[in-house]
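A.B. asks: Listed here are the chains, written in short residue letters.
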Amino acid sequence: MAFDIDKYTTNSAAVGWSDLDFDVFDEHPLPENTLRTLRYMCDIEYHTTCYLRDLLTTPSHNEPEVGAFMTMWNREEFWHGEALAAVLAKHGITVDYDVLKATRLKLGWKDRLDPIKQSIMGGLVGNDFVAVHMSWGAANEWSANAAYLRMAELEGNPVLAELLKRIAKQETRHVAFYASQARDRLKDSKKAQKLTRFALSKFWGPVGSGVQDDAEVTHVMNHLFAGPDGRKLVRDVDSHIAKLPGMEGLTIVEDSLERRGIAA
Amino acid sequence: MSPRATTTTGSFDVREFAATARGSHRAEIDGEAIARAGLAPDAVHLIRVLRDLERGTLDRMRNLLVTATHKDARVTAFLATWAFEKYWVADALDAVLGAVGADTAPLAGPLRRSAAERAERRGPIRRALAGNIAGADIVAGHVATGLVDELITNAAYRRLGEAASVLSSLVATLIAVKDRHVAFLAEEAEHKLAASTRAVRLARKAIAQAAWPIGATEIPAADRSFFEAFVFGDAEGRAAAEAIGARLAALPGLGQAQGSSLVARLVP
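Chains as they are written, first to last, in our numbering: chain P, 767 to 1030; chain E, 43 to 310.
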C-alpha cells in the first residue's frame, strides 16, 4: 500500500506527555534494570541524527517524499528522546546534551569513516543502495516498535505503558514508510535484492549496537527479549523482514540474539 | 538593531524552541485573497528562489552532519526543529505559488560556476574528510555561516513583504520563525568563536569560501543574479547588506575584512 506522505507530514507531531502524571514515579519508582533499558532507548532516539546523516549521504533524500519523511521522522525521534529523558529525570538521571555529546565523541574513527563509506557505497551502487537503507530502516523500526511494546508489558506501570504505546504508535508509521519504500525499490531490482540481503545478513545489528557499549546492548536484549515470549516477538519481527522481496528466510534479529547468547 | 543585540538576552533555550516549533502555515494563508490581489512576476520569482533555498535544507543538514557538528547534541537538537520549521516555510511558499497559479516546479537552468565557490560544491566525501581533520572547531564556521545565511534570507523576506502587501502578514510570521534561528546561531557563533582561535581561523576560511545564501550553488545562475539584484541591488538593499556585514564583523575574532568581503559578494 502506498504511504500517504502528505497525511503523514500534516499529522506529524511531537509525542505528548503533559497529560501523564509522572509524579507516580515518586511513589513507585521504576526498577534499576528498567531505567538502564530506558536510558539506552533514550540515547538511541537522540542519536537518530547519526542515522539521518548516513541516509543523507545517499541519493535517496533528493526525492521530495523521502526528504519530507526524513525531516518529520528525525524530529519525532528527537521527541521520543525528550519524553524518555523526562521519565529518567524523575529518577534523578539527567540526560543532558553535553552527556550525549560525550557519547558521540567517544565513537571516534569508526563514526568518522561512516559517512565516507556510505557515500562511496551510495556513489558506486547508486539507487539500489537506497533499497538497503530503506530495508535497514524498516528492520530497525520494526524492532523498536516491538521493544517499546514489550517494555510496556513487562513493566506494567500504566503511566510508562501509555507513554511507550504513544511512542510505538509513531514508530508504526515509520515502519509503514520504510517498508513501503523498501518493497517498491526491491520488487523491481534483483541487484537491489542481492545487495540488501547481503548487507542485512552480514552487517545488521540491534539498533544502537555500534553506538552503545556492548554490555548495554546485551543488557537490553536480555531484558526485553530473553525467554520464549521475547523470542516469539523477535521471530515476528524477522517474519516481517522476510516478507520483503528477496529477503525470504532471513532471521537477522534472532541471529543477533543467538550471537549474544540470549536464552530463548 | 545593534550587531551584538542577541548576546545580552542570555542562553537560548533549545528545549523551549523545540517545544514551540511552528508547523504548517496553510490555515493562515488566504489563497483567495492572494489570488485576487495577484503577485507581480518579480515577487513570484523571489518566492520560487526562496522556496528552493528552504527545500535545500537537507543538503545543508548533510554537509553539517558529516563533520563533527553532528557530535554536538545541542546543535543537532536545534537542527531537528530548524529543518522541520524550514520544511513548513517552503510548504507555505508553495501554497502561495499555488494560489496564483504559478509554476511550482523547482527552478532549473545552468549553474554559476566560479572558482571561488568550488569548495561549496564539494560532495559529502570531501566534506567529511576535511571535517574530520578540522574536528570539533568546525562547528563555529557552520554556525557563523548559518547566521549570515539566515540574515540574508530575512532581508529577502522583508523585500518580499514590501513587494507584495497581500503577503505582509505571512511574511511577518515567517520572519518571526526565522528570528529564532538567528538567535540560536548568533549565540552559538559568539560562544564558539570566543572559545578558540582555531575555531576563528576555520570560520574565516568557511566565510571566505561560502556562496551566499547557503545552497545558492544549486540555484540556476540567472535566478541567483535575480535574487542578488532584487534583494541587494538598490540603496536600501546595499544598506541591508552592510548591516549583515557589520553583524558578521562584530563576531569574536572576525572583523572588517570578513564583513567587507561578504558585502562585496552580496551586492551585485
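Where hints are given, some of them may not hold.
Derived Cβ-Cβ restraints for the label pairs, each shown as a range [to be verified]:
1) P:A779 with E:D84: 35 to 45 Å
2) E:D221 with P:V790: 54 to 64 Å
3) P:A942 with E:A79: 32 to 42 Å
4) P:S1005 with E:S207: 55 to 65 Å
5) P:G782 with E:R240: 34 to 44 Å
6) P:S784 with E:A281: 39 to 49 Å
7) E:Q251 with P:E831: 46 to 56 Å
8) P:E831 with E:G143: 42 to 52 Å
9) E:Q251 with P:H985: 37 to 47 Å
Which chain E residues face chain P? A few, computed with CB under 8 Å, are given here [as the list claims (entries may be wrong)]:
10) L107
11) A115
12) F126
13) Y129
14) R280
Coverage of chain P stretches by chain E, computed from C-beta distances (three or more under 8 Å per stretch; other residues unrestricted) [as the list claims (entries may be wrong)]:
15) 808-822
16) 979-990
For the record, the hints were derived by calculation from the structure and aren't laboratory data. Cβ coordinates follow ideal geometry from the N, Cα and C atoms, glycine included.
A.B. asks: Honestly, do Q251 of chain E and E831 of chain P meet the 46 to 56 Å range at C-beta?
C.D. replies: 32 Å, violated
A.B. asks: Could you see if the CB distance from A942 of chain P to A79 of chain E stays within 32 to 42 Å?
C.D. replies: Since A942 of chain P and A79 of chain E have Cβ atoms about 41 Å apart, the given range 32 to 42 Å holds.
A.B. asks: For the restraint on A115 of chain E, tell me whether the closest CB of chain P is nearer than 8 Å.
C.D. replies: 4 Å, holds
A.B. asks: Is 42 to 52 Å right for how far apart the beta carbons of E831 of chain P and G143 of chain E are?
C.D. replies: Roughly 24 Å apart at Cβ, these two residues miss the hinted range, so it is violated.
A.B. asks: How about the stretch 979-990 of chain P: do at least three of its residues have a C-beta closer than 8 Å to a C-beta of chain E?
C.D. replies: Violated - the stretch 979-990 of chain P has 0 residues with a Cβ nearer than 8 Å to chain E, which falls short of three.
A.B. asks: Please test the hint of 34 to 44 Å on the beta carbon pair from G782 of chain P and R240 of chain E.
C.D. replies: 42 Å, holds
A.B. asks: Against the range 35 to 45 Å, how does the distance between the Cβ atoms of A779 of chain P and D84 of chain E compare: consistent or not?
C.D. replies: 37 Å, holds
A.B. asks: Quick check on the hint: R280 of chain E CB to chain P CB, less than 8 Å?
C.D. replies: 35 Å, violated
A.B. asks: With 8 Å as the cut and Cβ atoms as the points, is Y129 of chain E at the interface with chain P?
C.D. replies: 5 Å, holds
A.B. asks: Should the hint that L107 of chain E touches chain P count as held when the rule is a Cβ pair under 8 Å?
C.D. replies: 4 Å, holds
A.B. asks: Range hint 39 to 49 Å: satisfied by the CB atoms of S784 of chain P and A281 of chain E?
C.D. replies: 45 Å, holds
A.B. asks: Regarding D221 of chain E and V790 of chain P, is the given constraint of 54 to 64 Å on their beta-carbon distance met?
C.D. replies: For D221 of chain E and V790 of chain P the Cβ distance comes to about 39 Å; the hint is violated.
Of the numbered hints listed earlier, those contradicted by the structure are 2, 7, 8, 14, 16.
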